[in-house]
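Colleague: Fit chain B to the supplied structure of chain A, relying on the hints for placement.
As a plain string of letters, each chain reads:
Protein chains: 2
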Amino acid sequence: MARTTGSFGERTEAAIREAAASLIARYGYEAVSMRRLAEEVGVQAAALYRYFPTKEELLFTLMREHMEALIASWQAADPAGRDEAQRLAAFVKNHIIFHVARRHSTHVSNMELRSLSPEKLTAILKLRTTYEKELRRILREGAAKGAFLVDDAELAAMAIIQMITGVIVWFRPDERLSVAEVADKYHTMTMRLVGARARAEA
Amino acid sequence: MARTTGSFGERTEAAIREAAASLIARYGYEAVSMRRLAEEVGVQAAALYRYFPTKEELLFTLMREHMEALIASWQAADPAGRDEAQRLAAFVKNHIIFHVARRHSTHVSNMELRSLSPEKLTAILKLRTTYEKELRRILREGAAKGAFLVDDAELAAMAIIQMITGVIVWFRPDERLSVAEVADKYHTMTMRLVGARARAEA
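Read top to bottom, the protein sequences are chains A and B.
To convert, note that position 194 of the first sequence is 194 in the UniProt record's numbering; the numbers rise steadily by one, no gaps.
To convert, note that position 39 of the second sequence is 39 in the UniProt record's numbering; the numbers rise steadily by one, no gaps.
Keep in mind that a hint or two might mislead.
No copy labels: a pair is met if it fits in one copy or bridges any two.
[What the hints assert, rightly or not] Simulated crosslink set (SDA-like; lysine to any residue; CA at most 25 Å straight-line):
| hint | residue 1 | residue 2 |
| --- | --- | --- |
| 1 | K126 | P173 |
| 2 | K55 | R36 |
| 3 | K133 | P173 |
| 4 | K126 | D174 |
| 5 | K120 | A38 |
| 6 | K55 | F171 |
| 7 | K133 | W74 |
| 8 | K133 | I168 |
| 9 | K120 | Y27 |
| 10 | K120 | E68 |
| 11 | K55 | A76 |
| 12 | K126 | A153 |
| 13 | K126 | R172 |
| 14 | K185 | S117 |
Think of the hints as simulated: they come from the structure by calculation, not from any bench.
Isolated chain A (complex conformation) (with noise of 0.2 Å):
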C-alpha cells in the first residue's frame, strides 16, 4: 500500500514538475503563480506546497535535476578509455539528444539562474562545472596528444556548449533533419572546430 501511496507521490511530483518546466519556459519564472501551477497539474495549492515549501525551491529541483540527469547520461554514453575523438563525438551526440528531448526544462535551465538566491545558484553553477570540464578535459587531453588543435580548452568548450545547445532554438522534429542526421552534421563542425578530421567510425 505505501508503495502504491508512493508511487502516486511520485506521479503527482513529475506531473508537477512537467507542468512547472512548461510554464516557466512560456511565461518566465516571476511570471508564473504557484496558483495558477497548481491550476495547470489539477492541484490544490496546498498539495502544491506539500512537494516544494516554496515556488524557488520548486525552480531549484527543476534545475538541479536537469543537470543531474544531464551528468548521468554523459556517463552512460561516456566510452571511458577510447581516443579523444570518439569520447568527444559521444559527447555532442549525448548533448544534443539530451537537450532536444527536454527542450523545457533546457529553457528554464538557461534562463532563470538569474530567478535563483545565491547559494542555490552557486550549487547549480557547480553542477555545470562538473558537466563542462568534462568536455574541457577531452579537448585537453586531445591536444596534449596532438589529436586537436584548441588553444583555449575553456573557451573552445564554451564555443561548443553553445554551439550544440542553440539546436533547440530551430530544431523541430518535423523538419527536413531527423536529431540523429543533425547531430551528426554537428559532429562534423565540431570535428573541424577543434581542429579534426572527421571520421568515420563516429
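Modeller: Using the frame of chain A, we list chain B on its own:
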C-alpha cells in the same frame, strides 16, 4: 523649440527602452508591468503610454531596433568585395562586439520571441532571416570557391551564430580576456569550423 522638445522626447524614449530592456532581461516580459516600468524610468504611466500604447508595442520596438541596429552595424563593418575569409572574420567580430555591448537587449531578443503576437513575430523573424542570410551567403560563396568546407550552410550559419552569441552568457569585461581577444579566439574557432585556416590578416 520644437527641436528641444523633440530631444527631450527622444531622451525619454531612450530611457524607457533602456529601462525596459534591463527589467525584462532580469524578470521576463510577463512579469514586468507598465506601472513598474514607469516607476523605474521616473515618469507617470500616462507618459509611458504616450510613447508606447501597449506593452507589446514596447517589446516589439526593443526587438525591432535591436535587429535593425545589428543589420546596420554589419553593413558598416562588411568589407564587401574582399574574400569570404575576410568577410567571415568581420562578421564574427562585429557580431561579438555588438552583442557584448547590448547584453540586455540581446537577452530580450533571444528570450521573448515567445511573447510576440504572430504578426509581430513574423516581422522580427524576417529581420533575423535578413541578417542570417548574410552569413549563409558568405559560407556558400566561400564553399563554392573551395575556401571553406561547409556541407550545410544553413546549419553552419545557425551553429556559428549560436556559438558567437553565447559569448554574452559567460563574458565579463573585467575577466582574463578583453572583448577583442575573445573575438580573436572565436574567429580562429570559426575559421576551423568552416574548414579554413585562420589567417594572419584578420
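Colleague: All hints, please: hold or fail.
Modeller: To see whether the hints hold, each was checked on the structure:
Proximity of K126 and P173 under a CA criterion of 25 Å is satisfied inter-copy only: 22 Å between copies versus 32 Å inside one chain copy. In this assembly of identical chains, the alpha carbons of K55 and R36 lie at most 25 Å apart whether taken from the same copy (12 Å) or from different copies (22 Å). In this assembly of identical chains, K133 and P173 lie within 25 Å of each other by CA distance solely across copies; the values are 23 Å between and 30 Å within a copy. Within a single copy, K126 and D174 get their C-alpha atoms only as close as 35 Å, which misses the 25 Å cut-off; across copies the closest is 22 Å, which meets it.
With identical chains, the CA atoms of K120 and A38 are at most 25 Å apart within one copy only, with a shortest distance of 23 Å there and 31 Å across copies. Neither within a single protomer nor between protomers do K55 and F171 lie at most 25 Å apart by alpha-carbon distance, with minima of 30 Å and 29 Å respectively. In this assembly of identical chains, the alpha carbons of K133 and W74 lie at most 25 Å apart only when taken from the same copy (12 Å versus 35 Å across copies). For the homomeric pair K133 and I168, the shortest alpha-carbon distances inside one copy (22 Å) and between copies (20 Å) are both at most 25 Å.
For the identical chains of this complex, K120 and Y27 are neighbours both inside a copy (22 Å) and across copies (18 Å), given an alpha-carbon limit of 25 Å. Taking the shortest Cα distances, K120 and E68 sit within 25 Å of each other inside one copy (14 Å), while across copies they are farther apart (38 Å). Taking the shortest Cα distances, K55 and A76 never come within 25 Å of each other, neither inside one copy (32 Å) nor across copies (47 Å). In the homo-oligomer, the alpha carbons of K126 and A153 lie at most 25 Å apart inside one protomer (18 Å), although the nearest pairing across protomers, at 36 Å, exceeds that limit.
Taking the shortest Cα distances, K126 and R172 sit within 25 Å of each other only across copies (19 Å), while inside one copy they are farther apart (31 Å). Within a single copy, K185 and S117 get their C-alpha atoms no closer than 38 Å, and across copies no closer than 33 Å, so neither meets the 25 Å cut-off.
Checked against the numbered hints above, the structure breaks hints 6, 11, 14 and satisfies the rest.
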